[in-house]
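Participant: Line by line, the protein sequences give chains E and U. Start counting the first sequence at 1138; every next residue gets the next number (our numbering). Start counting the second sequence at 130; every next residue gets the next number (our numbering).
Hints were generated in silico from the structure; no laboratory data involved. Built from N, CA and C at the ideal position, the CB exists for glycine as well. Warning: the hint list may mix true and false statements.
Claimed, not checked - Some chain E residues close to chain U (C-beta under 7 Å, calculated; not the full set):
id: 1; residue: LYS1292
id: 2; residue: GLN1296
id: 3; residue: LYS1619
id: 4; residue: ASP1638
To be verified - Here are the computed lysine-lysine pairs in the BS3-like style, where the Cα-Cα straight-line distance is at most 30 Å:
id: 5; chain 1: U; residue 1: LYS170; chain 2: E; residue 2: LYS1588
id: 6; chain 1: E; residue 1: LYS1142; chain 2: E; residue 2: LYS1729
id: 7; chain 1: U; residue 1: LYS134; chain 2: U; residue 2: LYS172
id: 8; chain 1: E; residue 1: LYS1142; chain 2: U; residue 2: LYS170
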Amino acid sequence: MNVTKRTFDAVIVGAGGAGLRAAIQLSEAGLKTAVLSKVFPTRSHTVAAQGGVAASLGNSEEDHWHWHMYDTVKGSDWLGDQDAIEFMCKKANEVVIELEHYGMPFDRLDSGKIYQRPFGGHMSNFGEKPVRRSCAAADRTGHAMLHAMYQRNVKVNTQFFVEWMALDLIRDADGTVLGVTAMEMETGEVMILQAKATLFATGGGGRIFYSSTNAFINTGDGLGMAARAGIPLEDMEFWQFHPTGVAGAGVLITEGVRGEGGILRNSSGERFMERYAPNAKDLASRDVVSRAMATEIKEGRGCGPNKDYVQLDITHLPPETIMKRLPGIHEIALQFASIDALKEPIPVVPTAHYMMGGIPTNYSGRVVAPKGGDMSVPVPGLYAAGECACASVHGANRLGTNSLLDLLVFGKSAGESMVEDIKAMPGSHRDLPKGAADASLARLSRLESQKGGASVHETRLALQRNMQDHCGVFRFKDMLEKGVANILDIEQQVAQTEIKDKSKVWNTARMEALELDNLIEVAKATMVSANARLESRGAHVRNDCADSVEFPDGRNDKEWLKHTLWTRDGNRLEYKPVHLKPLTVDSIGLKKRAY
Amino acid sequence: MAKVKFSIYRFDPEKDEKPYMQNLEVELEPSDRKLLDVLVKIKALDDSLSFRRSCREGVCGSDALNINGTNGLACLTDISSLSQPITLRPLPGLPVVRDLIVDMTQFFKQYHSIKPYLINDEPPPETERLQSPEDREELNGLYECILCACCSTACPSFWWNPDKFVGPSGLLNAYRFIADTRDQAINERLDNLEDPYRLFRCHTIMNCVEVCPKHLNPTRAIGKIKDLMVKRAI
Ligand SMILES: Cc1cc2nc3c(=O)[nH]c(=O)nc-3n(C[C@H](O)[C@H](O)[C@H](O)COP(=O)(O)OP(=O)(O)OC[C@H]3O[C@@H](n4cnc5c(N)ncnc54)[C@H](O)[C@@H]3O)c2cc1C
Ligand code: SF4
Ligand code: SF4
Ligand code: FES
């Protein structure tokens, strides 16, 4: 089959925060760029972010990027790379100010400066007490930010391919990345988009879990494409469970609620976080709060007829504060829990939320993979930023508001790297390998002719249940082993899914089947990596690796202070060292994590 | 649990000569709260039903539909609030691509026509541009628009002149920039709308206000633009 080809300087897959930020860089440099998205850009899931974006602007009280860096390293349970973390925290003010200049409607202080609120794990003076660092637009920060960045792209004339789904990465025999194959959803047409630089900004894959704060489209496509092209995935055992998803619905209630004074209570009305984190209390790091909640529920102190949730109480806050700073939350509680949050507490449970792992990159946004003994060699032509990437700034646990920052900083730096690398490559594009689209066409024709296979819906459900039951907030040795065996079975089903709809036009059944090919890669990487890591660190907590004198909180720095790299071929695992050396300051030394 | 009756607009240009309404019944479970939950369930039984969706919490603007004759978001519509048979059609006034999916080109063209970005040609300061809380407050009720098109496709003036009338959503967004103290292009923006069609096709029919799932008020924004034009003329 003949596939049409179009040629660009750069292709960006994803028009969420990370993709849009990078696109501004490329458009301003005047490079011919295609930005692909499964949905209209402002429908990307960055739109759902609520609480804010971190920057040590110090608009309300003294703050410093070095304190922010300390909090991020500590939050990451020392698995974050300190060079990348320093880079991000130092750049935060610049990228947030830029965003304001693009028109982002931040809330304001009386001084006219950007409003900042406290957020979990963000402290002043190296962990002393909570600090106001989260720059916010009410509880709609992501919406305000995504729209502002889309608007800026309209201004600089970025070319979008809206409702186009990237299918596979194209690499030549040397491993150089030459673009992607993609499908136009309206027509079903497959095309090759050839480029000198390709950026993945495809967002998270939270849909591997049954209960998740993520959108339907968050299926980890960038990770699936990378894995199928032989690129390893880093630290996939680390998933953040957000403490406050609406019980039963999964919809997020921002930590900003606790930043504004909200309190978590158990069935007896006790503010139980005082027992688990005497200092930071309800504003301890997310993994800590989620585990405390899960423990309360496990020990019978949950609320409701089934004692299966706890309560988030804001009834003591002035109604004006709620309606001004948290209007979206009031609406969500009404819509998804039938509760007036001014009068009643909101039922919440820890819910799968954020993927700390992803496609390995360095802090310039270049994708890196092992080659000939060196664990971090750039893959020519490939870049990644945002939730799909692992720089790694979040390590074993991300701090709230650091992800919107991550996508600004690394979206920008990836864009800059692409501009730099493209300019260093004058002349024509490298030749595409023969049959560059064959892998994608094979996937499509398999779906076209498959008979008697499993339904996409059932298979996806089995995958999601498996992850939820075997790889949750607390992990158990036998469950992990079982989860690995199950997911390998489910992989067989995924290879044989059947769709009834064969239309070329807006075939959402086909899209969901193609997305499932990506979900399964994310799920396998997660299960296999989690089963192998024999310690507790950050969001990864195993019952057989508990608190001891030798290993406080179950963390084993002697053997496990290292990043996991999972490769699809044979489910192979390798490990690479954590960058403990920052760019300019002293390394933040290993310590027991307490809040 | 109860069974619910549906009547759903179906059209696949590859195989249907013309659109038809498909009648079906679905068994509900207690967890099926929103219309979108039930649509997902229907799709599990018949994978050919096509509709857009993403966030499932009313912030992305993907799943606007005509529900029992009124535009709204499937993910924010309580299934229990709807009379049966629940009749689902694509948004009115835009070309249908397939089933519940419309071609939004015209809608976004109008959005883009109002220059939806901050214009300020002064070199930006080192820090943020200052804005008082009161000035920032002016943007409330405007910046929250999710571009779902519920309003514009409920507006008779937009149905008749989708190419010439900016429509409630575009006008609300135009006012979002006019009202922003950081923007310097008020005159240019008003010029852009001073036209018998672009703004003045609005006859204050208010359909837009009734359907906006974010409780925004395009009519008020339109009124404010009209006021500014009058003020500018004298
Ligand atoms: C409910 C919620 C609230 C949050 N609140 C906060 C917060 O307050 N602060 C914070 O810092 N972080 C927050 N986060 C995390 C943060 O919002 C996300 O990590 C971040 O927005 C991800 O941005 P992104 O650009 O990487 O991806 P996304 O915004 O998810 O964008 C992904 C893009 O890739 C496109 N895409 C995907 N696959 C394909 C494909 N195959 N082909 C073409 N295009 C494709 C999509 O269409 C989309 O445009 C929150 C997350 C959630 C879920
Ligand atoms: S008030 Fe104006 S914009 Fe709104 S529906 Fe009526 S005519 Fe349309
Ligand atoms: S004004 Fe309301 S109805 Fe209209 S597009 Fe915006 S959010 Fe949708
Ligand atoms: S699915 Fe996003 S608004 Fe309904």
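Participant: Now tell me, hint by hint, if it's right for this structure.
Facilitator: Hint-by-hint comparison with the structure:
1. LYS1292: Hint on LYS1292/E: holds, closest Cβ of chain U at ~4 Å, below 7 Å.
2. GLN1296: With Cβ-Cβ at 13 Å, over 7 Å, it is violated.
3. LYS1619: violated (26 Å)
4. ASP1638: Nearest chain U Cβ about 4 Å off; hint holds.
5. LYS170/U - LYS1588/E: holds (22 Å)
6. LYS1142/E - LYS1729/E: violated (54 Å)
7. LYS134/U - LYS172/U: Cα-Cα ~15 Å, so holds.
8. LYS1142/E - LYS170/U: violated (38 Å)
The structure shown violates the earlier hints numbered 2, 3, 6 and 8.
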